[in-house]
Amino acid sequence: MNWQQVINGLTIGSIYSIVALGYTLVFGVLQILNMAHGEIFMMGAFIGLMMVVKFQAPLPVAFLAAVLVTAILGYLLERFALRPLRGKAGVSHLAPLISTIGVSIFLENLAHHWFGAETHPFPVSFATISYQIGGVKISLVQLTIFIISITLMVGLSLWLSRTKAGTALRATAENIETASLLGVNTQKIITLTVVIASVMGGIAGVLVGMAFNAVSPQMGLEIGLKGLAIIILGGMGNIKGAMVGGLILGMTEVMSVAFGYSGYRDAIAFLMIIVILLIRPQGLFGQSAPQVRK
Amino acid sequence: MADIILNPYYMQIASFILINIILGISIYITLSTGLLSLGSAGFMSIGAYTSALVTMKLGFPMPLGIVSGAMVAALAGILVGIPTLRLSGVYLAIATLGFGEVIRVWFNNLEITRGALGIPGIPQMGREITGSLREFGITPDMLGLRANQFSALILFFILLILVILTVWFFVRLQRSRIGRAYAAIKADEEAAEAMGINTTYYKVLAFAQGALVAGFAGALYAHTTSFINPGDFSYHRAVEILIFAVFGGSEVIWGPIFGAAFLTLMPEVLRGLADYRFMIYGVLLIVMMAFRPQGIIDYQVLDWLKKKVKRNKSASPLDKQKGGDA
Numbered sequence: 001m002n003w004q005q006v007i008n009g010l011t012i013g014s015i016y017s018i019v020a021l022g023y024t025l026v027f028g029v030l031q032i033l034n035m036a037h038g039e040i041f042m043m044g045a046f047i048g049l050m051m052v053v054k055f056q057a058p059l060p061v062a063f064l065a066a067v068l069v070t071a072i073l074g075y076l077l078e079r080f081a082l083r084p085l086r087g088k089a090g091v092s093h094l095a096p097l098i099s100t101i102g103v104s105i106f107l108e109n110l111a112h113h114w115f116g117a118e119t120h121p122f123p124v125s126f127a128t129i130s131y132q133i134g135g136v137k138i139s140l141v142q143l144t145i146f147i148i149s150i151t152l153m154v155g156l157s158l159w160l161s162r163t164k165a166g167t168a169l170r171a172t173a174e175n176i177e178t179a180s181l182l183g184v185n186t187q188k189i190i191t192l193t194v195v196i197a198s199v200m201g202g203i204a205g206v207l208v209g210m211a212f213n214a215v216s217p218q219m220g221l222e223i224g225l226k227g228l229a230i231i232i233l234g235g236m237g238n239i240k241g242a243m244v245g246g247l248i249l250g251m252t253e254v255m256s257v258a259f260g261y262s263g264y265r266d267a268i269a270f271l272m273i274i275v276i277l278l279i280r281p282q283g284l285f286g287q288s289a290p291q292v293r294k
Numbered sequence: 001m002a003d004i005i006l007n008p009y010y011m012q013i014a015s016f017i018l019i020n021i022i023l024g025i026s027i028y029i030t031l032s033t034g035l036l037s038l039g040s041a042g043f044m045s046i047g048a049y050t051s052a053l054v055t056m057k058l059g060f061p062m063p064l065g066i067v068s069g070a071m072v073a074a075l076a077g078i079l080v081g082i083p084t085l086r087l088s089g090v091y092l093a094i095a096t097l098g099f100g101e102v103i104r105v106w107f108n109n110l111e112i113t114r115g116a117l118g119i120p121g122i123p124q125m126g127r128e129i130t131g132s133l134r135e136f137g138i139t140p141d142m143l144g145l146r147a148n149q150f151s152a153l154i155l156f157f158i159l160l161i162l163v164i165l166t167v168w169f170f171v172r173l174q175r176s177r178i179g180r181a182y183a184a185i186k187a188d189e190e191a192a193e194a195m196g197i198n199t200t201y202y203k204v205l206a207f208a209q210g211a212l213v214a215g216f217a218g219a220l221y222a223h224t225t226s227f228i229n230p231g232d233f234s235y236h237r238a239v240e241i242l243i244f245a246v247f248g249g250s251e252v253i254w255g256p257i258f259g260a261a262f263l264t265l266m267p268e269v270l271r272g273l274a275d276y277r278f279m280i281y282g283v284l285l286i287v288m289m290a291f292r293p294q295g296i297i298d299y300q301v302l303d304w305l306k307k308k309v310k311r312n313k314s315a316s317p318l319d320k321q322k323g324g325d326a
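Chains as they are written, first to last, in our numbering: chain A, 1 to 294; chain B, 1 to 326.
FYI, nobody ran anything at the bench for these hints, they're computed from the structure. From the three backbone atoms N, C-alpha and C, an ideal C-beta is built for every residue, glycine too. Honestly, I wouldn't trust all of these hints.
Unchecked claim - Restraint ranges, calculated between C-beta atoms of paired labels, are given here:
(1) A:Thr163 / B:Lys306: 52 to 60 Å
(2) B:Pro8 / A:Asn2: 50 to 58 Å
(3) B:Ala187 / A:Lys240: 31 to 39 Å
(4) B:Tyr276 / A:Lys54: 40 to 48 Å
(5) B:Lys306 / A:Lys240: 53 to 61 Å
(6) B:Pro8 / A:Lys240: 52 to 60 Å
(7) A:Thr151 / B:Tyr276: 33 to 41 Å
Please put together the full structure from these sequences, using the hints given.
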């Protein structure tokens with residue numbers, strides 16, 4: 001096996017994992033597919049890009065701005081598209097899915113309107129720096145992406161398992177009524193979940209912009225669809241599944257390009273879930289009942 | 001007068017309204033069992049490409065091409081439906097979304113579909129029929145029309161007849177054993193199963209019927225625009241079709257019909273807002289879900305309309321007489 005491909009696959013895969021984590025957190029707590037996640041991710045990428053290009057801001061500031069804006073977007077999403085539907089009698093379980101599709105259409109076209117349809121390059125000051133280790137070349141961009149992704153994943157895992165808020169989130173995911181009876185402010189936890197998921201999406205957006213050197217209003221849809229495929233692959237609402245599933249998808253895509261099927265690269269995610277749905281519908285790590293686990 | 005009404009721009013909008021109504025019906029059928037499919041654009045593209053290719057490469061006559069497009073789409077619907085329908089609604093939404101993407105990428109890579117370039121020069125329904133009518137000695141100038149006006153008019157009437165037949169079929173279906181099974185599954189799947197309804201069978205049937213109708217609409221689309229490319233059948237198309245049903249209402253078949261007609265016409269009337277059109281779509285979905293999740297037209301609205309029509313009827317003496325005779 002070519003180690004260079006493995007490095008490339010892991011870099012892309014770790015970003016996919018973060019995107020998928022955003023979906024899986026919301027699904028685990030609310031049993032809702034947040035179809036707007038991809039577009040929040042895209043907004044994060046654009047905010048990061050604007051900070052770097054328009055305001056010549058250093059990369060950490062760009063990340064901070066993306067985090068701030070996507071956190072606000074996450075709050076607004078929960079406040080206006082999800083909360084009005086919750087607990088309302090006679091609302092079909094498809095209603096939140098459709099209202100988040102509404103948010104995604106709105107955000108995509110807003111970005112289209114503001115930033116134009118074209119693909120913008122994402123300039124990174126250290127783009128040309130790379131290290132040679134054995135026969136493998138690792139660029140500083142790849143290294144940055146990998147470190148940020150791993151930190152996020154480990155951080156999220158620790159936060160979920162070790163802190164009070166994390167425990168409350170897991171309790172809410174397990175059973176919202178029981179958690180509420182036990183004194184968890186579930187409303188607050190739900191808002192927090194959507195905000196955290198959106199922030200992860202925003203960070204992933206900047207990372208994808210750096211990795212592919214491209215930001216466009218359509219990127220939310222492309223990566224969003226892959227994130228959806230990953231949570232089916234890993235098991236809905238399963239944290240570990242999202243992480244491993246993202247890495248598997250990243251590796252498989254890079255391999256498919258290496259073997260000369262680059263035209264079908266974007267279809268692989270879905271071919272994989274069709275196979276998974278046939279053999280193991282609950283996903284690689286899923287149990288029969290979806291729930292957030294450490 | 002004919003020049004104003006038969007303006008090619010108006011005629012094209014009218015044809016698109018009719019095709020979109022068929023698409024609205026296709027998603028209504030799957031929704032009427034409580035299933036959400038985001039694959040309608042995929043099935044539509046299968047119908048469009050199949051019909052375009054068999055008429056152009058194999059020399060099939062157009063009606064046969066359209067029927068085979070619909071049949072192939074239905075077959076794809078069964079193949080996709082059987083594995084995915086075992087799963088809950090959310091899985092189905094993602095799997096069908098994924099199916100649509102796989103199909104689009106596939107058509108983008110195939111040689112026979114000319115990839116992203118698309119297929120131009122697909123035989124156009126109106127023009128073909130005008131041509132064959134001419135062989136029988138019927139020419140446009142017998143009606144005092146120009147050739148393109150005549151073919152647009154023929155296209156419109158053919159689509160109208162097909163829409164009426166489709167609506168009629170599914171209105172009848174609703175009152176049949178199958179339609180009642182769909183309604184029972186939508187209301188409560190477990191209860192329906194306990195009542196002895198083979199839920200898997202009816203769900204796959206509804207899914208295949210939805211795919212059939214979407215493929216049919218796709219084939220009609222190909223023979224109306226005479227050019228298709230994979231971009232015509234993207235995720236956005238699937239969402240647009242979903243909005244027809246969500247906005248118009250998915251409880252009664254008149255909902256998606258109203259939704260398709262209204263939402264196809266609206267952006268044309270509000271041309272100045274073209275840039276904001278899709279933003280308005282997005283906001284519309286959010287607002288609809290919060291305040292009127294059942295859509296504009298539901299049973300109550302329909303009853304109210306019926307009553308109103310009845311009252312108007314009884315007010316006119318002619319109808320009174322008719323009622324007396326019966």
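task = Take a look at whether the Cβ-Cβ distance between A:Thr163 and B:Lys306 falls inside 52 to 60 Å.
result = Holds - the Cβ-Cβ distance for A:Thr163 and B:Lys306, about 59 Å, lies within 52 to 60 Å.
inquiry  = Range first: 33 to 41 Å. Now tell me if the beta carbons of A:Thr151 and B:Tyr276 are that far apart.
reply    = Distance hint for A:Thr151, B:Tyr276 holds at roughly 40 Å.
query = Lying within 31 to 39 Å: is that true of the beta-carbon distance B:Ala187 to A:Lys240?
reply = Distance hint for B:Ala187, A:Lys240 holds at roughly 37 Å.
message = Does the beta carbon distance between B:Tyr276 and A:Lys54 stay inside 40 to 48 Å, or does it fall outside?
response = Hint violated: Cβ distance 24 Å, outside 40 to 48 Å.
request  = Note whether the CB distance of B:Pro8 and A:Asn2 lies within 50 to 58 Å or breaks it.
outcome  = Cβ of B:Pro8 to Cβ of A:Asn2: about 57 Å, so the range 50 to 58 Å holds.
task = Can you let me know if the beta-carbon spacing of B:Pro8 and A:Lys240 is within 52 to 60 Å?
result = Check passed, 58 Å falls within 52 to 60 Å.
ask   = Does the hinted range 53 to 61 Å hold for B:Lys306 and A:Lys240 at CB?
value = For B:Lys306 and A:Lys240 the Cβ distance comes to about 56 Å; the hint holds.
The structure is inconsistent with hint 4 alone, although it conforms to all the rest.
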